[in-house]
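Colleague: Here are the chains, one letter per residue:
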Amino acid sequence: MIDLITAAYPICRSITGDGVRRTLRMIQERIPLEIREVPTGTQVFDWTVPKEWNIRGAWIKDPSGEKIVDFQDCNLHVLNYSVPVHEKLPLAELKKHLFTLPDKPDLIPYRTSYYKEAWGFCLRHRTLESLPEGEYEVLIDSTLADGSLTYGECLLPGDSEREVLLSTHVCHPSLCNDNLSGIAVMTELARELQARPRRRYSYRFLFIPGTIGSITWLALNEVKIDHGLVAANLGDPGRFHYKKSRRGNAEIDRAVLAVLKASGEPFGVEEFVPFGYDERQYCSPGFNLAVGSLTRTPYGRYPEYHTSADNLDFVKPEALEGSLRTYLAVMGVLEGNRRYRNLNPNCEPQLGRRGLYRTLGGDESGRARELALLWVLNLSDGEHSLLDVTERSGMSFAVIREAADALLEVGLLEEAP
Amino acid sequence: MIDLITAAYPICRSITGDGVRRTLRMIQERIPLEIREVPTGTQVFDWTVPKEWNIRGAWIKDPSGEKIVDFQDCNLHVLNYSVPVHEKLPLAELKKHLFTLPDKPDLIPYRTSYYKEAWGFCLRHRTLESLPEGEYEVLIDSTLADGSLTYGECLLPGDSEREVLLSTHVCHPSLCNDNLSGIAVMTELARELQARPRRRYSYRFLFIPGTIGSITWLALNEVKIDHGLVAANLGDPGRFHYKKSRRGNAEIDRAVLAVLKASGEPFGVEEFVPFGYDERQYCSPGFNLAVGSLTRTPYGRYPEYHTSADNLDFVKPEALEGSLRTYLAVMGVLEGNRRYRNLNPNCEPQLGRRGLYRTLGGDESGRARELALLWVLNLSDGEHSLLDVTERSGMSFAVIREAADALLEVGLLEEAP
Amino acid sequence: MIDLITAAYPICRSITGDGVRRTLRMIQERIPLEIREVPTGTQVFDWTVPKEWNIRGAWIKDPSGEKIVDFQDCNLHVLNYSVPVHEKLPLAELKKHLFTLPDKPDLIPYRTSYYKEAWGFCLRHRTLESLPEGEYEVLIDSTLADGSLTYGECLLPGDSEREVLLSTHVCHPSLCNDNLSGIAVMTELARELQARPRRRYSYRFLFIPGTIGSITWLALNEVKIDHGLVAANLGDPGRFHYKKSRRGNAEIDRAVLAVLKASGEPFGVEEFVPFGYDERQYCSPGFNLAVGSLTRTPYGRYPEYHTSADNLDFVKPEALEGSLRTYLAVMGVLEGNRRYRNLNPNCEPQLGRRGLYRTLGGDESGRARELALLWVLNLSDGEHSLLDVTERSGMSFAVIREAADALLEVGLLEEAP
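Protein chains in written order, with the working numbering: chain A, 15 to 431; chain B, 15 to 431; chain C, 15 to 431.
Bear in mind the hints are in silico, worked out from the structure with no lab data behind them. You may find that some hints are simply not true.
The list treats identical chains as interchangeable, and a pair is accepted whether it falls inside one copy or across any two copies.
Claimed, not checked - SDA-like mimics (lysine to any residue), calculated; alpha carbons at most 20 angstroms apart, straight line:
| hint | residue 1 | residue 2 |
| --- | --- | --- |
| 1 | K130 | V97 |
| 2 | K109 | F301 |
| 3 | K330 | R213 |
| 4 | K275 | V237 |
| 5 | K130 | G369 |
| 6 | K65 | A382 |
| 7 | K81 | L153 |
Note that this is a predicted model, so its numbers are computed, not measured.
Chain A with its partners taken away, still in its complex shape (with noise of 0.2 angstroms):
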C-alpha cells in the first residue's frame, strides 16, 4: 500500500483530467479495473460534467524574476481548476489570488474551486509576508476544455447479485491522507477478496473524483447496493471514526459497529449528516442507500488536513494495515450474517455428547466457545441473524460464527428461509 501511495503521490489530481487517469493506471495494475470516461456535457441529474482540467506548469516571479512560487515543487501550489492565466500585476492585485493559512504559516494549504471559472494559488503564509511591493509575473500553464471525466470500476462477481459497494474518492493531488490511503486499502482490499474462491455478495469498487464522480456513476447506472462504504482518510494514526448511514440502523451500520466494538480498541460513532464525501450522495433522498462511511480520523478534524502537512510522512503502514484488517473483518460479517433455526429448540440438545462441550461439570475450560454455542442455540429461531447473537451477547462475530458452523457440522441448525 505504501508503494502506491508513493508513485501515486506527485500526481496532480482534479476531478478530471490525466492526474486521475495516471493513478488509475496505477491500480489497474493491481486489480481488474474498468476506466471510463464520460464526456464533458454529459447530463448526470441536476450537474452537468464539466470541462477536463490539465494542467502543465505555474508559477509567481516576483519583481526581480524569481520564482517565488512553482508547481513544480508542489501542485497544491495551484488552485485546483485555475484556468489559464499569464499576466504581470501589482502586489496588491495579485493578493486577491493568493491562499495562505495564517494560522499554520509554514504550511501550504489545498483550495479548489471547480465550478466557478477562477484562478489564484496556494503558498504558505510566510511566503506571502516576505513578498515586497512591485510587479509579479504569473503562470498558469493549464487548459480547461471539453473532455472527460474518468473514474475507475472494480467488478468482484460473488455468488448473487446483491451487490456491496466500496467507493473512494481519486480527486485529491498530493495529499496522502485524504485520498491516497483509501485508495491503497481499496485496491488491497479488492486484491483480498478477489483471490477468495468464493463471495456471496458482489463487490463494486469506484474510484471516482468526489462529488460529481459519485453523482455520474449514480445517474449513469443501475444501482443495486446491499450495503456499501465510503472509504478514506485510512492511514493517520488516530482511531476508527464510523459514520452511520442514514438509515441508522442497517446491516451495515451494525456490522461495522460489531467489528468495531470487537477490537477493544476505542473508535468514534457518528450518525449520518448530509455533508462529508460521497455518502451524501448515496444517501440522498431518493436512494437512501445503506451506506456509511468508515474512517480513521474524519476529514477536517487533523491539522495536516487539506495542507502540505498530508505527506508521505503522515501515513503509517500499521495505520493502513490496520485499516484493511478492519475492512475485511467488516466483509467478514456481511458475508457470514445468515439466519438460522435451532433444529433442537425445545430444551438445549445434549452438546457433550456430539462433542461440542466439556463433559465434565465445574472445568471452565472451553468456557467461551461453549457460551457462544448456547447463545446461537437461544437465539436461532428464524428470526435472528448471526449479528443479532453477535450484539446480544456481546461476544465477537467470528466466535458466534464459529459457533455456529460448529452447530452447522453436527446437524443442530438449518439456515432459515
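Given chain A, work out where chains B and C should sit, using these hints.
Modeller: Below, chains B and C without anything else, positioned relative to chain A:
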C-alpha cells in the same frame, strides 16, 4: 405586561365573583375577549358550578378592639371562599380558624376552601404569636349565593379551524407570579398574534378559574384542539420548565423542546403527571389532548409561592418579556412546521448554480446556512417534517425554516400532501 | 425455613437417587407435594433419563491405612455421580482422581460428573499437599443402575388455569445457599399461598434436579405457563439480583422490577443469558416462556459458592425471610395487576364529594394517597394496567393497587375486558 399586573394585583379574585369579572374587563381593554357567565348549579361532568362568592371586607379585632388583621391591607388575609361570619370568640376557639406559616413567620399564606363551607383567616405567624388571651371579634362580610362562574375566551381565527389552545388561570387573589404573570403574558401573546395578517391555526385563549373553569369549558364546548399549553408562573427569574402532555411526544412537546434547546439557556423538562394546573383536565383520559405546560419555576418550588411574597417585586419585566418571546417562538414552530418533498431527490442539486451555495471550495462562510439547506434537502422525503429536520440536525427551527423557504423559492421543494 | 435447611443439609443429593427422595419427603410434610418418578432410559427431547445413583460410603486410606478422606465427614468429598471403585493405587495415579481448590486450600470443592462415567474425590488442598508417597486404598460404595429420576410437584389451583411456575433445583448435596435456600423459601411460599382463600392464578411449584429435571418436566407435561421464576441462592446476605426472561419485558420481568424498586434497597438487574439455572430450558427458543430468575447473589459470584463453606453458617434467617417477602410481593403484583376503565373519563371526578380527597386546599396530608388516586384515574383508559401506572408514577404497586380498590369501591372504575 407590568401595567396589567400592577392594575390587577389589588383585586381579590376567586373561582367566582366580581374579582374575576373586573380582571377580565382589564384584559378586554387589550384583546377581543368574550366574557362568559355560567350559572351556579350548572352540571359540568362530575361537578356542579358552585355558588358565587363575593367579599366586601373582613377583620379580626383583639380583646382591646384593635384590628389586628384586615382584609383591606391584604386580601390574602381571608381564607378564600369563606362563608360570612360575625361573632365573638375566645382566642383558643379563634385559633382553629387561623392559618400561618411557622417557618416563614413574616409571610401571609394563601389558602382556600372552595368545596367545603368554612371560614378562616390567614396571617403572619409573628402576629399569631403575639396575640394575648381574651375575647376576639371576627367579621367576614362575604356572600356565597347563586350567581355564576365567569371566564374569558378570545378566539383568533386562522386559515384553518384547527386550534391552538392557550389556557391560564385567573382565580388567585393578590399573587403576582402565580396567575397574574400568566394573565399578562397570554394577553400580550394574543395581541401579537392578532396583529398578524395570517395565521395558519386558530388560537383560542382561555382565562379561567383553575379546575372548575377548565372542566366547565370542556363540558360546555365542542373541543377541537390540535396543540395546547397551560401558562403560569412566567414572571419569576427562574429558568423555563416544560411539563409534557400526557401523550409525551406530541408536536407541541417537540416544538417547546426545540425552542428551549435552541435558546442555549438551561431549562427543565418533566414528564406528564396528573396534578398541577388545568393540564390535568385537558389530559384526562377522555380528552387526552396534546396540552403541556410551559412555566418558569413550577408551582410550589419557589419560596414565595402562595404567600404574600409573591408580590409586585417578585415578577420582573425581563422575565415576562422572555416568556412572551418563548411562547411566540413556540407558536412560530407550530405555524411553520410542515412536511416537504425534495424535487431533486437523486443526489444533491447544484446549489451554487442557484446562488444558494458558496462557489469557492474551502471557504467557510455561510457554512451554517449551507448545512441547513443540505439537511432540509436530505430529509425532505415527504415523511419528515421541519421539526424532524430540526431535531435530527441539532440546528434551530428558525434556521431550518429559513432554509426551506430559500429552497421553496428556487423550486427545489414542494409541500407534501 | 432454617429447620428444613438444617434437616436436609446432611443428605447427599444428586440428580437422581434416594437423597432427592428423602428431601422431597421433608417438603411433603409441609406442603401438598406429588413425588414423581421417571424411569431411567425415558427419552426427554434430546436427552435420556440417566441411571440412578446411590451411595453408601467412600473413603481414601493412606499408606499407613488411616482414612484421610471420608464421605461420612462431608458428602462433598465424593465426585458426585462417581461410579463404584475399590482399588489400591500409588499417589501419582490417585492424584488424577482428586480435585482441590488451590486458592482456597481449606475448603472442599463440589464437583460432578453426570454425563461421563468417572470416579473421584474432592478434598482440601491442604490435605492434598500433606499426602506422603506410597500406595493408597480407595473405596466408593456407590451404585449406578436403572432406577428413576425423582422430582416433586405442588399445584395450588386458582380461579383460572393460567399458571405461575416456581422452579427450584434439588440436586445439590451439602450446600446450603445453592439449593437448600431455594427449597426452603419455595416451600414456605407455597404454604403461604395455599393458606389464601382465593388465588387468581394457579401456582405450580417444581422441586427438580437441575437441567435434566426441567427438561424432563417440559418434555412430559403440557406447558401452560403465564409467568415464572427460577429460585436459588436466597439465603446469603447479598442484595437481590434479577435476571430477566428471554422476552426481556414480560409481565414477570416488570413485576419483579417494580417490587425491587419499591423496596428502596439496592439490587442488580441483568438481561437474559442462555446459561445459569433452569431458566435456560424454560427460555429455550421452542418454549420462550416468560420465566426469569430472582436470586440474591447469583451463582458463582460469592466465594463460598460450590464449596464446603456454603454451609449452615452461611445462610441467615433474615435473608431467607426477606427473600420470602420479596417473592410474596411479586406474586402480589401478578395477582393484582389488572386493567381498568375510568368511568368518569372526562376531567377529574370530584373526589372530595366521595370522601376520597382532602377538602381543604393547601392541606398536604394524605398527599401520596391522593396522587395514587389521580394516577389510576388518569391512566385507566382500558389500555394501561396497574403495573403501567406503577411504572409511570414511580409509586409502589401496593399504593397503586390500594388506590384502585378505593376507586372501585366508589364506582369510579370498572375492570377492562
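Colleague: Hint by hint, note whether the structure agrees.
Modeller: Going through the hints against the structure:
no.	hint	in the structure
1	K130 to V97	within (10 angstroms within a copy, 83 angstroms between copies)
2	K109 to F301	neither (43 angstroms within a copy, 69 angstroms between copies)
3	K330 to R213	neither (30 angstroms within a copy, 61 angstroms between copies)
4	K275 to V237	neither (31 angstroms within a copy, 40 angstroms between copies)
5	K130 to G369	between (70 angstroms within a copy, 12 angstroms between copies)
6	K65 to A382	neither (60 angstroms within a copy, 30 angstroms between copies)
7	K81 to L153	within (11 angstroms within a copy, 100 angstroms between copies)
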